[in-house]
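So you can see what is in the structure, the chains are spelled out below.
2 protein chains.
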Amino acid sequence: MKTNKNKNSNKKPPQKGKHEKILRAAIKVFAKNGFHNSKISQIAKEAGVADGTIYLYFKNKDDILIRLFEEKLDEIIDDLNAQIGQTDDPREKFKIFVRKHLTTVEKARNLSEVISVELRQSHKFMKEYHPQKFGEYLNILSRIIREGKEKGIFRSGLMPGIIKRSIFGALDEMVLYWVLTPNPKYDLETCVNQVTDFFLRGLEK
Amino acid sequence: MKTNKNKNSNKKPPQKGKHEKILRAAIKVFAKNGFHNSKISQIAKEAGVADGTIYLYFKNKDDILIRLFEEKLDEIIDDLNAQIGQTDDPREKFKIFVRKHLTTVEKARNLSEVISVELRQSHKFMKEYHPQKFGEYLNILSRIIREGKEKGIFRSGLMPGIIKRSIFGALDEMVLYWVLTPNPKYDLETCVNQVTDFFLRGLEK
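Those protein sequence lines, which keep their order, are chains W and C. Heads up: the first sequence begins at 59 in the numbering used here, then just goes up one per residue. Heads up: the second sequence begins at 59 in the numbering used here, then just goes up one per residue.
Same shape as in the complex, but just chain W (with noise of 0.2 Å):
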């Protein structure tokens, strides 16, 4: 699933090594101390690099959030699109999508807190940025719908721009609870398995 990176790792340039550096750092220092808490400064010294390398590789500090955000939705829409490749049933490529979604806060806690809170903290972010990727990943979903539609499994009334955007903010909000409750009421799988199945009632004819 993640073959980008193994094949990439051996032809690496070496400031590849020194910007994921800053990245992996970003995410320590933001996580720790919050977005505007933090300083370019700490992240400099979490990466082990002078304060002054930074701004080679990042504008600013909501540079650094924002390339943080669109690098791992990257990745997370790579592996989507590979995992969803391998079935033509739309349920069951609902269904990865939303355990997708939802197991990556278990596998990169720190940075599911950084996109879930502190994204919404770079009011630059939210305000300005042009959210491409993000538009990507949301489109993954609204195939998903149209799909459903086209093959008569999903109901024709539904429209994909709306339901996309309901889906996401509902797993979303998912995110939030857990980064944010330290011991959270329900499980990762009994969430997945009811959310799917809301949804997918929703969805389905």
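Just to be clear, a hint being listed does not mean it is correct.
Identical chains blur together in the list; that is why a pair holds if it fits in one copy or across any two.
Said to hold, decoys possible - Calculated lysine-lysine pairs in the DSS-like style (CA-CA distance at most 30 Å, straight line):
1. Lys90 with Lys191
2. Lys263 with Lys153
3. Lys207 with Lys243
4. Lys76 with Lys103
5. Lys243 with Lys263
6. Lys97 with Lys76
Just so you know, the hints here were simulated from the structure itself, not pulled from any lab data.
Please arrange chain C on chain W, whose structure you already have, making use of the hints.
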């Protein structure tokens, strides 16, 4: 000039009118500048009061934001309970909830923007606030779900604690879409109908 330092006996009790004036001013200032870029002095100017007056009513900027959220939510909860009380049908109650949540955007755009976008920019709010009022709001939804299950109208396997969050997340995302999109592709009525239909189908037996 002599000033009486005996604050306890001479301090005027805070006036309801001023409290509201400050909150209304804060909505405008937060919506215009974003939470983090807003200053107490700007709120004071907008409200037509001295900077120091703000601190008679609120501890700090975060406190203003949280009180804004809590008081508006209180109003919405009262309204909702009154409307929901007029029907015995959990399906109708659910429709009322969705419509109320989504149409609040149209009635109070600035406030909706503040709640959806700016509230998440308050690190204090996201991490430390114990969302009692918010919990109360979500529990209206879980009561409707529970009632529907008891009456045999909604499916017995649904867990209200998970489903209420999914539904809230979906509605919140729709609101976010409206406040951040200059010319939304979908009108409010279409969204209310799509979302209600999609979720009711997921809930019903």
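Here's how the hints hold up against the structure:
1. With identical chains, the CA atoms of Lys90 and Lys191 are at most 30 Å apart both within one copy (26 Å) and between copies (27 Å).
2. Proximity of Lys263 to Lys153 under the C-alpha cut-off of 30 Å is found in both arrangements, the shortest distances being 17 Å within a copy and 21 Å between copies.
3. Proximity of Lys207 to Lys243 under the C-alpha cut-off of 30 Å is restricted to the inter-copy arrangement: shortest distance 21 Å between copies versus 35 Å within a copy.
4. Taking identical chains as interchangeable, the C-alpha atoms of Lys76 and Lys103 lie at most 30 Å apart only when both belong to the same chain, with a minimum of 13 Å there against 47 Å between chains.
5. With identical chains, the CA atoms of Lys243 and Lys263 are at most 30 Å apart between copies only, with a shortest distance of 26 Å across copies and 32 Å within one.
6. In this assembly of identical chains, Lys97 and Lys76 lie within 30 Å of each other by CA distance solely inside one copy; the values are 18 Å within and 37 Å between copies.
In this structure, none of the earlier numbered hints is contradicted; all agree with it.
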